[in-house]
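Colleague: Here are the chains, one letter per residue:
Protein chains: 2
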Amino acid sequence: MDLVDLFKTKKIGDKVVIEGWIRNNRNQKEFGFIDFYDGTTINTLQVVYTKELSNFDEVSHYLVGSSIRISGTLVESNGKQEYELKCENIELLGDCPADYPIQPKRHTMEFLRKEAYLRPRTKTFQAVFKIRSVAAFAIHEYFQSHNYVYVHTPLLTNTDCEGSDQMFKVTTFDLKNVPLNDQKEVDFTKDLFGKNTYITGSGQLHGEAFAMAFKKIYTFGPTFRTENSNTKTHANEFWMIEPEMAFMHLEDLMNVEEEMLKYVVNYVLKNASDEIDFLDKFVSNGLREKLEKLISSDFVRITHHDAIELLLSSGEKWEFAPDYEGDIAKEHERWLTDHFNSPVFIYNWPRDIKAWYMKVNPDGKTVAAVDLEVPGSGELMGGSERETDLSILDEQIKKHGVQKDQIEWYLNLRRFGGVYHSGFGMGFERLIMYLTGIENIRDAIPFPRTPGSCEY
Amino acid sequence: MDLVDLFKTKKIGDKVVIEGWIRNNRNQKEFGFIDFYDGTTINTLQVVYTKELSNFDEVSHYLVGSSIRISGTLVESNGKQEYELKCENIELLGDCPADYPIQPKRHTMEFLRKEAYLRPRTKTFQAVFKIRSVAAFAIHEYFQSHNYVYVHTPLLTNTDCEGSDQMFKVTTFDLKNVPLNDQKEVDFTKDLFGKNTYITGSGQLHGEAFAMAFKKIYTFGPTFRTENSNTKTHANEFWMIEPEMAFMHLEDLMNVEEEMLKYVVNYVLKNASDEIDFLDKFVSNGLREKLEKLISSDFVRITHHDAIELLLSSGEKWEFAPDYEGDIAKEHERWLTDHFNSPVFIYNWPRDIKAWYMKVNPDGKTVAAVDLEVPGSGELMGGSERETDLSILDEQIKKHGVQKDQIEWYLNLRRFGGVYHSGFGMGFERLIMYLTGIENIRDAIPFPRTPGSCEY
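Chains as they are written, first to last, in numbering that gives the first Met the number 0: chain A, 0 to 455; chain B, 0 to 455.
Heads up, some of the hints might be wrong.
As the list makes no split between identical chains, a pair holds if one copy fits it or if it spans any two.
With a straight-line Cα cutoff of 25 Å, these simulated PhoX-like cross-link-like pairs (lysine-lysine) come out [claimed, not checked]: (1) K280 / K7; (2) K183 / K168; (3) K189 / K168; (4) K231 / K189; (5) K7 / K79.
Because the hints were derived from the structure by calculation, they are not lab data.
Input sequences plus hints: build the corresponding full structure.
Modeller: Next up, the structure:
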């Protein structure tokens with residue numbers, strides 16, 4: 000039976016059979032203790048074995064990491080837990096050498112990153128990846144219960160949303176012998192799809208097509224960027240959630256973002272409570288309080304213009320000068336969330352620094368875009384109302400150098416019963432970092448892919 | 000408000016405001032009817048408008064596909080539905096030209112495939128993609144409620160599971176100027192990851208690493224194969240679910256597959272009931288009965304050997320002769336599911352025709368693999384117990400030409416507390432085809448990618 004179910008349903012006196020692994024094995028002459036886990040809960044069960052076992056000597060030499068099957072009876076414990084398991088029979092399923100990298104001591108995150116295939120066995124990563132799983136489900140549950148349709152937008156694509164210089168090329172060619180045509184250009188007609196193909200950097204454009212059919216949709220899938228950037232917040236492969244809602248303006252978009260985030264945080268606090276407590280204690284002090292505070296707070300909403308004004312009048316010395324026409328630097332984000340002591344929506348951004356598909360406001364200078372900044376983690380979501388005016392879209396496309404022939408179909412969405420609509424993107428790893436207090440994106444995804452690193 | 004909520008909560012006499020699209024607009028001199036939909040349900044609401052409207056003439060010329068906002072009162076209907084909407088005000092949000100491809104008539108699936116970005120607006124695809132969304136959630140709910148952890152295995156990888164000749168290459172190189180090193184080989188050290196990289200054909204190996212930490216895990220993500228095959232059941236990009244369970248033998252693997260499938264079918268029948276009824280009526284007669292029958296049936300379990308024996312003694316004339324050492328052809332699958340009138344597990348397959356990681360049975364000739372065949376759709380899932388004996392794995396790796404240096408970490412899973420374990424893969428589009436009665440995989444995925452075709 001699963002250890003998590005044992006903790007939920009069994010009581011002192013019950014006989015059980017369990018299978019799992021040894022986290023620690025301490026023994027004295029007459030008896031010993033095994034910290035037993037099976038991965039279905041972050042908690043371990045203390046197993047007591049004594050000389051009464053015919054294989055006592057063997058058992059006392061079982062090494063950390065070995066897999067075992069135990070039968071025994073739950074008995075009262077002197078320790079912190081309600082009970083421990085008095086072992087009546089124990090069997091080695093798979094042994095583990097003494098040089099096993101995961102030992103019952105503190106390992107650095109850098110060390111564990113190199114052992115990415117083993118690190119989910121540590122308590123820290125059992126917590127992080129359990130929360131990742133629970134949060135993913137919470138996202139699905141939120142959207143499904145609010146009439147959204149989950150759409151699998153394509154990964155392989157010829158359509159340019161974020162700019163193809165940011166996208167990986169995909170091919171079946173032998174890279175040593177790429178075929179050229181008469182014009183000495185790559186002969187993509189010979190490739191599997193007969194054309195130049197990328198892995199997508201966003202499902203938004205395809206998501207909009209589905210929002211024009213289902214009203215409210217969301218995507219949840221892997222996304223790729225070629226950015227050659229080695230920071231704590233960049234990875235070349237990451238998961239993203241991209242909801243898109245027809246008949247929605249910017250104000251309601253912020254409402255959805257706020258409601259969804261609170262739903263997910265609340266769900267994680269309830270369904271991964273032990274994991275949150277573990278991380279609170281050993282990884283990120285104050286984690287539970289931070290998350291509980293978020294649920295009960297009303298997110299601040301401020302225009303980009305007013306945010307810059309506030310930053311300029313703050314009396315702070317900035318590395319990057321706050322600029323009415325410019326982006327908001329990390330130091331500004333931090334100051335704003337500290338100042339308000341709350342998540343902050345910053346909306347109505349300067350048109351020239353934002354994407355081509357965002358709705359231009361009546362002032363002609365700003366777009367109806369919104370970023371959500373959260374305390375401690377910075378930008379968590381970015382969204383906007385989408386431009387529906389074809390003449391403005393034409394202008395934007397030219398300005399941003401988007402290839403129009405690739406997105407004729409996208410423009411048709413405005414021609415065929417087009418409506419005002421909005422959407423946002425949330426990087427899933429950013430959310431996991433916020434939920435766990437983990438500080439490096441490499442520790443928030445099972446097998447991170449970053450420049451120079453594609454291991455396992 | 001969402002139309003699906005209107006149907007659930009509103010009654011005759013209620014005033015409502017709704018936004019959506021025109022599926023049809025029929026009018027006479029004094030009054031007219033609009034079939035209104037918003038995509039949150041497959042059902043339409045009949046809207047009645049009369050000369051009382053100041054813009055009656057304009058409204059009577061609104062074209063199919065246009066988006067509108069209507070306010071009005073729900074009144075008794077003479078039609079099939081409980082009520083219709085008496086329109087008091089109607090406003091055009093976005094018009095639609097007369098040559099709009101989606102008209103209120105039967106379109107062929109081939110025609111709609113070419114308009115992949117518009118086809119979700121048809122009733123057939125509203126049903127298919129709603130069921131796709133609901134089924135995806137059911138899968139998550141099944142596994143999450145049974146203590147499984149959802150794992151995002153990497154898409155970009157250097158590890159070979161199904162064979163790298165089946166995998167797409169991924170690069171940031173300019174394909175026209177791929178850099179070569181002194182040995183005139185491709186200089187992958189100059190690529191973003193510094194090595195040869197692919198998009199994955201399976202998350203299984205990485206999934207096994209997580210099963211050795213969490214006991215029970217599942218993946219659900221996109222998968223890629225370069226197969227140059229234009230059939231009704233092959234696509235180059237598809238979604239797959241790959242659960243992996245430590246401490247599990249083949250018998251329990253079949254139990255999980257059977258229980259999970261019944262759970263998903265039951266959930267879809269309950270939560271996409273109108274969509275099933277629509278498809279039953281217009282796309283696949285008998286669909287509901289087929290699905291209801293599955294839930295109440297006990298799946299047959301038969302060895303490959305016994306299945307071949309049965310086929311040979313059937314008296315049928317076969318195009319492909321049933322072979323104790325060979326694969327089971329489509330005609331055989333069909334005959335077996337017809338014969339038993341039930342889903343059929345075929346297990347213990349000849350070793351030489353199955354994958355290298357499958358557990359070799361004590362007979363040395365077969366592996367503990369199992370395929371699930373379902374009536375009308377053929378193979379739906381394929382799984383196996385995994386080999387844990389390192390010397391047998393060594394032998395298999397050599398035989399199948401797997402690059403051992405790439406999977407040393409995978410072999411270590413057997414060295415570090417390895418345990419018996421099993422897993423399976425389910426192609427999500429195969430499931431959707433089964434659940435909807437749709438016969439071509441191109442119609443079960445939003446934007447299909449097949450040889451020569453990567454549109455939108």
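Colleague: Is the C-alpha distance from K189 to K168 at most 25 Å within one copy, between copies, in both cases, or in neither?
Modeller: Cα proximity of K189 and K168: in one copy and across copies (15 Å, 15 Å).
Colleague: Reference check for the pair K7 and K79, CA-CA at most 25 Å: within, between, both, or neither?
Modeller: within (16 Å within a copy, 50 Å between copies)
Colleague: Could you place K231 and K189 in one of the four classes (within, between, both, neither) given a Cα distance threshold of 25 Å?
Modeller: Between copies only: 23 Å across, 40 Å inside.
Colleague: Checking an output row: K183 and K168, CA cutoff 25 Å. Within, between, both or neither?
Modeller: Intra 19 Å, inter 22 Å, cutoff 25 Å: intra and inter.
Colleague: Tell me, please, which holds for K280 and K7 at an alpha-carbon limit of 25 Å: within, between, both or neither?
Modeller: Answer is within; shortest intra-copy Cα gap is 23 Å, inter-copy 46 Å.
Of the hints listed earlier, there is not a single one the structure fails to meet.
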